[in-house]
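Since chain B is already given, all that's left is putting chains X and E with the ligands on it; use the hints.
The primary structure of each chain is shown beneath.
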Amino acid sequence: APVKWDLSSEYAPTSLPGRVDAYFAERVKALSKGELDITVHFSGALGFKAADHYTAVEDGALQIASTPFNRMNGINPIFELQSLPFLQSTLDEAETLDRLLRPFYDNAMAKNGQFVLFTMPWTPQGFWAKKPVASEEDLKGLRVRVVDLAAVQTMKAAGADAIQLSWADTLPAISTGAINGVLTSDDGGLSAKFPESGLTAFSPVGFTVGVEMVHVNREAFEALPAGMQIVLLTAAGEAQTYGWALARKTIADNIEKMKQQGVAISEPAPTFKDYLRKSAAGAIDDWKKRFGPQADMVIELYTQAVQAK
Amino acid sequence: MDMYAGSLAVFVLMFLFLGVGVWLFVGFLLLSVVGLMLVVGMDIPRIGAIMSQIMWRSASAWELSAIPLFILMGDIIFHTDMARRLFRGLAPWVNHIPGRLLHANIGGCTLFSAICGSSVATTATIAKITAGELRTRGYDQDLALGSLAGAGTFGLMIPPSINMIIYGVLAEVSIAKMFAAGVIPGLILASLYAGYIIVRCLINPSLAPASERAGWPERLASLIDLMPIALLILIVLGSIYLGIATPSESAAMGLAATLAMALVTRQLSLPMLVRALMSTARTSAMLLSLMAAASFMSAAMGYMHVPQDVSMAIGQLDLAPYMLILILGLFYVLLGCPLDGISMMVMSVPIVLPLVVNAGFDPIWFGVFLIVMAELGQVTPPVGFNLFVLQGMTGFSMARLSVAAFPFFLLMCAAGALFTVFPQLVTWLPNVLF
Amino acid sequence: MLAVNGLRWLARLLSLAGAVGAAVAIVLIVAVILVEVVLRTLFATSTFMSDELVGYLVAAVGFLPLGYAFATGGILRVNLLLNMVQARPRLRMAIELGCVAATLAVVGLLVWYLWGNVARQYTRGYTSGTMSGIPQWIPTGVMLLGIAIFWLQVFVYGLGLVTSTERLLVESQDETAVT
Ligand code: NA
Ligand code: NA
Chain B
1 APVKWDLSSE
11 YAPTSLPGRV
21 DAYFAERVKA
31 LSKGELDITV
41 HFSGALGFKA
51 ADHYTAVEDG
61 ALQIASTPFN
71 RMNGINPIFE
81 LQSLPFLQST
91 LDEAETLDRL
101 LRPFYDNAMA
111 KNGQFVLFTM
121 PWTPQGFWAK
131 KPVASEEDLK
141 GLRVRVVDLA
151 AVQTMKAAGA
161 DAIQLSWADT
171 LPAISTGAIN
181 GVLTSDDGGL
191 SAKFPESGLT
201 AFSPVGFTVG
211 VEMVHVNREA
221 FEALPAGMQI
231 VLLTAAGEAQ
241 TYGWALARKT
251 IADNIEKMKQ
261 QGVAISEPAP
271 TFKDYLRKSA
281 AGAIDDWKKR
291 FGPQADMVIE
301 LYTQAVQAK
Chain X
1 MDMYAGSLAV
11 FVLMFLFLGV
21 GVWLFVGFLL
31 LSVVGLMLVV
41 GMDIPRIGAI
51 MSQIMWRSAS
61 AWELSAIPLF
71 ILMGDIIFHT
81 DMARRLFRGL
91 APWVNHIPGR
101 LLHANIGGCT
111 LFSAICGSSV
121 ATTATIAKIT
131 AGELRTRGYD
141 QDLALGSLAG
151 AGTFGLMIPP
161 SINMIIYGVL
171 AEVSIAKMFA
181 AGVIPGLILA
191 SLYAGYIIVR
201 CLINPSLAPA
211 SERAGWPERL
221 ASLIDLMPIA
231 LLILIVLGSI
241 YLGIATPSES
251 AAMGLAATLA
261 MALVTRQLSL
271 PMLVRALMST
281 ARTSAMLLSL
291 MAAASFMSAA
301 MGYMHVPQDV
311 SMAIGQLDLA
321 PYMLILILGL
331 FYVLLGCPLD
341 GISMMVMSVP
351 IVLPLVVNAG
361 FDPIWFGVFL
371 IVMAELGQVT
381 PPVGFNLFVL
391 QGMTGFSMAR
401 LSVAAFPFFL
411 LMCAAGALFT
421 VFPQLVTWLP
431 NVLF
Chain E
1 MLAVNGLRWL
11 ARLLSLAGAV
21 GAAVAIVLIV
31 AVILVEVVLR
41 TLFATSTFMS
51 DELVGYLVAA
61 VGFLPLGYAF
71 ATGGILRVNL
81 LLNMVQARPR
91 LRMAIELGCV
101 AATLAVVGLL
111 VWYLWGNVAR
121 QYTRGYTSGT
131 MSGIPQWIPT
141 GVMLLGIAIF
151 WLQVFVYGLG
161 LVTSTERLLV
171 ESQDETAVT
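Residue numbers (this note's numbering), protein chains in the order written: chain B, 1 to 309; chain X, 1 to 434; chain E, 1 to 179.
Hints are not guaranteed to be accurate.
[Said to hold, decoys possible] A few chain E residues facing chain B, derived, Cβ under 7 Å:
#1 ALA44
#2 PHE48
#3 TYR126
#4 THR130
#5 MET131
[Said to hold, decoys possible] Derived list of chain B stretches under chain X, where covered just means 3 residues or more per stretch with a C-beta under 8 Å from a C-beta of chain X:
#6 3-16
#7 36-50
#8 161-171
For the record, the hints were derived by calculation from the structure and aren't laboratory data. Even for Gly, the Cβ is constructed at its ideal location relative to N, Cα and C.
Okay, chain B solo, but in the shape it has when bound (with noise of 0.2 Å):
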């Protein structure tokens, strides 16, 4: 009989993380002839949020599940690295700063069990709102709506009003103006329908780019015959590339989508991403606290190896 795994998403199928695990599954079965199935629960459907996902298959409750970094916050400061504020702003930086985070990850996975499989982008983070943010002055009662710790020192930090709120309420306060922005990647407000609700503006920043890992239960993983395991990680590598390429092309099509349903455009100056970057100034050292003596040492690495390209 085929084995039989089941792999945990939060996200829809029609999003982006939900396309890559859609086509990693797909490959699984067609390279091990079917003796692997991974049904993929997408949407949460298994009942399991992605900040469950590590201990989840830590313990094995799930072989395998696909987890933004950012959603691993208070596991490990490694793990956040890849969502502070303008460390990363474009896909290659992200794919630069992914590779070499790879062995830190698996070091610090291998005390739990498990170890990273590929990972896919999101496309890069920008401010969602009624008119342009363009300029300091532009972030002045703007009430954005922010997820995490660090997004929300930064936009403290630069003058704009951090709103806390979950993705649920996010759209009806931006009907009834309870908020006027939203930080988040061009896909995320392209795929809630912002510009209907009235958020026909959106400035790419490149406030960070998410990264989101598939990770695999190690035990599970060794159980597999060897000729298995050498299919799951081949379907991996593909789906990595996949995936990255898919945001790219997807970042042209959204430019594509946005000119349709009218929404403003707006490169920001050089001058207003230096004010922004120093605005994360104060979140980035609390991560450093956070980490630990070696912080600046890792930032170094991939201040080099982006500088190297």
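Chains X and E with the ligands alone, transformed into the frame defined by chain B:
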């Protein structure tokens, strides 16, 4: 064990565990543990890890905060003169309509649904206010409780609605459009229920006690009695639509306003508040622990792949549009017996939605259809949360409550059929507004 | 006998304390939400943790009073069979003890694995990773406490049945007044 044999075994076990008299919340856990062992072949450590994590996750959902807060609000309204005033104020208006104050259930739930996105909270709050009053006035208990179970589900259909938000995210349709789409179907359902009560009371007038007709002077005087509740609804609705509170914060706004009113009218006392808090804690624990256990049961069904496999099997049948909706309707009625509406949605929509859209149906329309299906699940045993609420409040048996709710179940089915034949009932308003 | 009485006393005390804890949690939920609404509308800022705190408090409301709800007959069950065998006390007792044993087993399993989670969160120092930075073992520990009190209360009830000091928790149905 294959899926069908497994599902059958679990179904039989469900009747066994629950029938023997195991506490429901424990029965759900037992059933899921045994199901995962027998059907999926999991070992105990894996089951334990799944159970503990899923239950924590579902128990700690902030969305559920509306349940204790609205129950407490209902309790305080019940302990002050607001509930009695409401009935005194309504009576002169409904006395010439067959069924009289039974319509307070329908009207109350319809109004309350406009401030509350949860079916359980709607049922609990309105039941707390109306059930005792209707009983002392000599109204037929089965009709009163059945209509409460049925009308409590409006919480899901009339905006705001938690289920609609989740569907909107799942199906990538505008949540504002979903909200607009629920208004007319909600009012149609309310009219169907009111019509049913009228017909039943015309056939058998003893279901509602006789009372004198009221003239206009009495009606106008009664408006004063309706003021407190009207003010309360206005405050909560206003806070949502002025952007002061989000829909999930509205329960706290409503509760604060109720407390303030009780304080101003000198009806709030510390002993009363403590009693209300303790009774709310007791009812909430019963409901919230049941919900956590039910979500473990949903997870178990998910690991058994039941909803996905059946959805896919339906897809392969290649049915004509109306036939597809009919089969899906049957599937959801069955799925709604053991599952709650939200689990039902997240497990099936990824597979079912493309089929339905291919058959030419509008995704917004299908969202409303799914809401009707979720409403049906609220009043069917063994996992019917509106029935649990009423059982907890009245002590009536599940069997009696299910039978009392059955006519309203049939009316919901009829409404589902009506919306399928005339989809404009659903899609007209969102298309006009947006 | 003394030990049984002592245990029963302890269970009652803990159950009541749990219910009081939940009542406090309800008040805190209202407070947190109102503070959030005031901060957002009047001061254009946020607590940055209201959803999170409300979530923890909801879990406390859902589980802390479970023992109290059980002892006061507030946990739902299907009484059909128990009412049918009313005339046969021995059979009835056997069924009830079976229900108690099954409950202790499966809830015991839940307590054990919840304990595993809480202990892991404590030893590894997992936090929420948000503005609140709350150590995760605290809110999960509260849920564990509630379930454990429930287990103890069921255990004491079973013990009372065996030593015939406790009456069956079967409310007569369909005649009970609406309260
Ligand atoms: Na509603
Ligand atoms: Na049901």
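Status of the hints after comparison with the structure:
1. Interface hint at ALA44 (chain E): satisfied, since its Cβ lies 4 Å from the closest Cβ of chain B, which is below the 7 Å cut-off.
2. Checking PHE48 (chain E) against chain B by beta carbon gives a least distance of about 5 Å; that is within 7 Å, so the hint holds.
3. The criterion of a C-beta within 7 Å of any C-beta in chain B is met by TYR126 (chain E), whose closest approach is roughly 6 Å, and the hint holds.
4. Of the supplied interface hints, the one on THR130 (chain E) holds, with its beta-carbon coming within about 6 Å of a beta-carbon of chain B, less than 7 Å.
5. Nearest Cβ of chain B to the Cβ of MET131 (chain E): about 6 Å, under the 7 Å cut. The hint holds.
6. Evaluation of the coverage hint for the segment 3-16 of chain B: fulfilled, as 4 residues show C-beta separations to chain X shorter than 8 Å, against a requirement of three.
7. Proximity of the segment 36-50 of chain B to chain X, defined as three or more residues with a beta carbon under 8 Å from a beta carbon of that chain, is established by the 10 residues found.
8. Given as covered by chain X, the segment 161-171 of chain B passes the check, having 6 residues with a CB less than 8 Å from a CB of that chain where 3 are the minimum.
Violated hints are absent here; each numbered hint is respected by the structure.
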